[in-house]
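Student: Going down the list, the protein sequences come from chains S and U.
Just so we're aligned: 102 in our numbering is position 102 of the first sequence, and the numbers increase by one with no gaps anywhere.
Plus 1000 on top of the position in the second sequence (first one is 1) and you've got our numbering.
Bear in mind the hints are in silico, worked out from the structure with no lab data behind them.
Heads up, some of the hints might be wrong.
[Stated by the list, open to error] In silico lysine to any residue, SDA-like type, Cα no more than 25 angstroms apart, as pairs: (1) U:Lys1403 / S:Ser160; (2) U:Lys1403 / S:Gly159; (3) U:Lys1432 / S:Asp124; (4) U:Lys1432 / S:Ala117; (5) S:Lys113 / U:Tyr1207; (6) S:Lys339 / U:Thr1415; (7) S:Lys113 / U:His1018; (8) U:Lys1403 / S:Glu156; (9) S:Lys339 / U:Val1124; (10) U:Lys1431 / S:Lys339; (11) S:Lys113 / U:Tyr1418; (12) U:Lys1431 / S:Val145; (13) U:Lys1403 / S:Lys339; (14) U:Lys1403 / S:Trp118; (15) S:Lys339 / U:Arg1056; (16) U:Lys1431 / S:Asp152; (17) U:Lys1431 / S:Trp118; (18) S:Lys341 / U:Phe1126; (19) U:Lys1403 / S:Ile29; (20) U:Lys1052 / U:His1157; (21) S:Lys341 / U:Leu1421; (22) S:Lys113 / U:Ala1059; (23) S:Lys341 / U:Pro1123; (24) S:Lys113 / U:Leu1421.
The residues making up each chain are set out below.
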Amino acid sequence: MSERELLLGLDLPTWWFLVIGALFSGYAILDGFDLGAGGWHLFLNKEESRRIALNAVGPVWDGNEVWLVIGGGALFAAFPVMYATLFSALYIPVILFLAMLILRAISIEFRSKEPMAWWRRLWDVTYCCSSLALSFLLGVLLGNVLQGIPIDARGEFHGSWLEFLNPYALAVGLTTVALFLVHGALYLGLKTQGRLFAKMYLLVKRAIIFFILAFAIVTLYTLLYLPHLTDRFREEPALFVLPVIAFLAIANVPRLVSKKRFFWAFIFSAITVSMLLIVVATELYPVLLRSTLDPAFDITIDRAASSDRALRTMLWFVAIGTPLVLGYTFFVYRTFRGKVKMDEHSY
Amino acid sequence: MDVEVLARVQFAFTVAFHYIYPPLSIGLGLLMVVFEGFYLRTGEAVYERMAKFWTRIFALIFGIGVATGIVMEFEFGTNWATYSKYVGDVFGSALAAEGIFAFALESGFLGILLFGWNRVSRPVHFIATLGVWLGSMFSAIWIVVANSWQQTPAGYHIVGEGLEARAEITDFWAMVFNPSSVDRLTHVWIGAFLAGAFLVMSVHAWYLLKGRHTALSKKAFTIALAVATVSSLAQLVAGHSSAEGVAVNQPAKLAAMEGHYAADAPADLYLFGWVDPEGKRVMGPHLPGGTSLLLHGDPQAPVTGLDAFAPDDRPRQVNAVFQVYHLMVGIGMALIALTLLGSWLAWRGTLFDKRWLLRVFVPAVLLPQVANQAGWFTAEMGRQPWVVYGLLRTSDALSASVKAEQVLFSLVLFTLIYTLLLGLFLYLLNKKIVHGPDDGPPAADSPKRAQMMAAAPLKP
């Protein structure tokens, strides 16, 4: 492709790689905690606990999904080839993801609208299962991106429609579930008191063990079978500092939980989420989607990117939009800060 | 069935279902801003009850709108990969702008609108309501801009050839202000105001007939009637302007809308009718030269007909386009008649004595909904066989690797979920309406409020 315009020494596709990485990190950190909180839902036995847990995410889950909407729009606009190839190749998991998003949204909306036990039970199950399924599917999608998929020179998928269910993707899926469960438990601990708080205090430690096991499997698999992901780390050993920071951050969480410092524990699990995605980005760059058929068919950021003019225009959107979005996100979280308080407008 | 048919059915189904909700959010948002604005100005509890009641209904509508909207954003990639690659540079930026500038604003303030009544001051809550409404208005801007670019592409050039060809943006503002975007945006906004206002009128007409919440309902009905009257008249102007644009920019679509075949002859205006594509004529009552008169001020002026286009470049479903278009126009006229009559009676002070008219307003909530849907079907079916007018054919826009069975799977899945969703929506909407606005003035710190707060955790 022709010469790319540079901004502060980086070409525009690289800038957009960073922007989209930041958007998906933001999405993983924010929706990660409410998906994780949803994953614990059926572990809460009392009606009262379930309502408090639901209202802990009530005012913010919709705002958290905004990051997915912006991330998806940005991927479409900045890397249309990636957007088109990835979602058409992984048709079934993407469709299931969308279906689960709908079921989850309506279970949050509808659960507390009727008093019948069967009604609430139905939506509790839907909410919990869809939250877990969404976390899992996000991991499965990521696992497939990391491993690569069979695409030809034109980016057309040449595989069976069930190929997304491979061992690596399943392992990454489970790791994501575990990570979000940790993150969600910390959020619930932060937002609750009394018995629910005590419960989260116990559950978060088990979730961390689950995460460390799952993560160890993924790491081992990556080192053994996916050398293309570790090449950069071998060439540049200094980069090992990234996974080490991620590991230290997650190791710090149980220590802070023991001290009942849930806010800082939550911050450190957020750091873990973003550090792991930084590791992923480092492994991938400059390839967005690897072809398992031929390295020449890899979708690189340069091949996938829109024109410099489109990328430049949208950097303006980001420059103007980011302060606005951060402004009202901050305002909403400040308004609903502290432990959950129920009133007549609650779910 | 082939992939193209299935993918088109799936897209039409998911987008049509989605489009029940955003117009209601926009229209209801406007009325909530007005209700809360009155409350802020007058401090009268009746407006507070009105605003809170409609906020609860808004929450239901908005939630389903968001859930079904995210599907649309990803469906371009799953089912229309070739389209996505072709237009991403142009279309994608409008979609990204929608996310950053509109959806983030709506969703950010939604939490405060719904849950913030007791946490922020009245003016701050009003700003949150305004923010949500403006966000939904901005959202319409970018979505209509993106769609209008498909209808009347501008501000781009084509790079590459054959399978590698794609549109690249050359002028962002020319893309935003493409020849049809302003007309179509106005048309969509007003259609949304009508949807919201008729919902409010329908519910309050029902309360009036039942003798419930009478004082509140009279006020709310009157406000909504004013919005609906202005909107239905404005829609006549906006709709006409839109049709003039279609005549210039998409003559094949206009010809299909009126079932006009002769390549270069005056076109008639049909009240209703049936297109006979074999005989290339329309049967039905009509005004000879009427379309020519409306477009050019001269009943003898020639209008480009379908015969002027190669058979492959014409909309295939001419009769369907004709029918949905005439349905929309017919409803538009009915809305003008209904709102003018209502306004005249309101001015005379006898509106609320006319029970028969209130009975008409209860089911009339469906009219703007049907008209909005019919309008979009006209726009999208009339654009065929192109997905981007004159540039990319719908049949060339699909995902090459997606098989019919996969699309069938997703179509069945969405049909099941959306059916469930519609059922739940109607059930809960009905329940909220039957429950109605909270009675009495819940002044701050009144015993009633204290009681409600105490009972809150157990409240259904």
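Student: Does each hint hold? Answer for all of them.
Tutor: Hints versus structure:
1. Distance hint between U:Lys1403 and S:Ser160 is fulfilled; the C-alpha atoms sit about 10 angstroms from each other, no more than 25 angstroms.
2. Restraint check for U:Lys1403 and S:Gly159: satisfied, since their Cα atoms lie roughly 12 angstroms apart, inside the 25 angstroms limit.
3. For the hint pairing U:Lys1432 with S:Asp124, the CA-to-CA distance comes to about 22 angstroms; that is within 25 angstroms, so the pair holds.
4. About 20 angstroms separates the Cα atoms of U:Lys1432 and S:Ala117, which keeps this hinted pair within 25 angstroms; it holds.
5. A distance of roughly 22 angstroms separates the Cα atoms of S:Lys113 and U:Tyr1207; the hinted pair therefore holds under the 25 angstroms criterion.
6. Restraint check: the Cα-Cα separation between S:Lys339 and U:Thr1415 comes to about 40 angstroms, which exceeds 25 angstroms; the hinted pair is violated.
7. The suggested pairing of S:Lys113 with U:His1018 holds, with an alpha-carbon distance near 22 angstroms, which does not exceed 25 angstroms.
8. Of the supplied pair hints, the one linking U:Lys1403 and S:Glu156 holds, its CA atoms being roughly 12 angstroms apart against a limit of 25 angstroms.
9. The suggested pairing of S:Lys339 with U:Val1124 holds, with an alpha-carbon distance near 22 angstroms, which does not exceed 25 angstroms.
10. With a C-alpha separation of about 31 angstroms, the suggested pair U:Lys1431 and S:Lys339 falls outside the 25 angstroms cut-off, and the hint is violated.
11. Taking the CA atoms of S:Lys113 and U:Tyr1418, the gap is near 19 angstroms; set against the 25 angstroms cutoff, the hint holds.
12. Between U:Lys1431 and S:Val145 the CA atoms are separated by roughly 45 angstroms; this puts the pair beyond 25 angstroms, and the hint is violated.
13. Under the criterion of a C-alpha separation no larger than 25 angstroms, the hint pairing U:Lys1403 with S:Lys339 is inconsistent with the structure, at around 49 angstroms.
14. As the CA atoms of U:Lys1403 and S:Trp118 are separated by approximately 39 angstroms, the hinted pair breaks the 25 angstroms bound.
15. Our distance criterion of 25 angstroms between C-alpha atoms is met by S:Lys339 and U:Arg1056, whose separation comes to about 24 angstroms.
16. A C-alpha spacing of about 54 angstroms is found between U:Lys1431 and S:Asp152, which places the hinted pair above 25 angstroms, so the restraint is violated.
17. For the proposed pair U:Lys1431 and S:Trp118, the alpha carbon gap of about 18 angstroms is at most 25 angstroms, so the pair holds.
18. Between the alpha carbons of S:Lys341 and U:Phe1126 the distance comes to roughly 22 angstroms, so the proposed pair stays at or under 25 angstroms and holds.
19. Our distance criterion of 25 angstroms between C-alpha atoms is broken by U:Lys1403 and S:Ile29, whose separation comes to about 35 angstroms.
20. Note on U:Lys1052 and U:His1157: the hinted pairing is violated, with a Cα-Cα distance of about 50 angstroms set against a maximum of 25 angstroms.
21. Under the criterion of a C-alpha separation no larger than 25 angstroms, the hint pairing S:Lys341 with U:Leu1421 is inconsistent with the structure, at around 29 angstroms.
22. Note on S:Lys113 and U:Ala1059: the hinted pairing holds, with a Cα-Cα distance of about 12 angstroms set against a maximum of 25 angstroms.
23. A threshold of 25 angstroms between alpha carbons decides the hint, and for S:Lys341 with U:Pro1123 the separation of about 22 angstroms falls inside it, so the pair holds.
24. Straight-line distance between C-alpha atoms of S:Lys113 and U:Leu1421 comes to about 14 angstroms, which keeps the hinted pair within the 25 angstroms bound.
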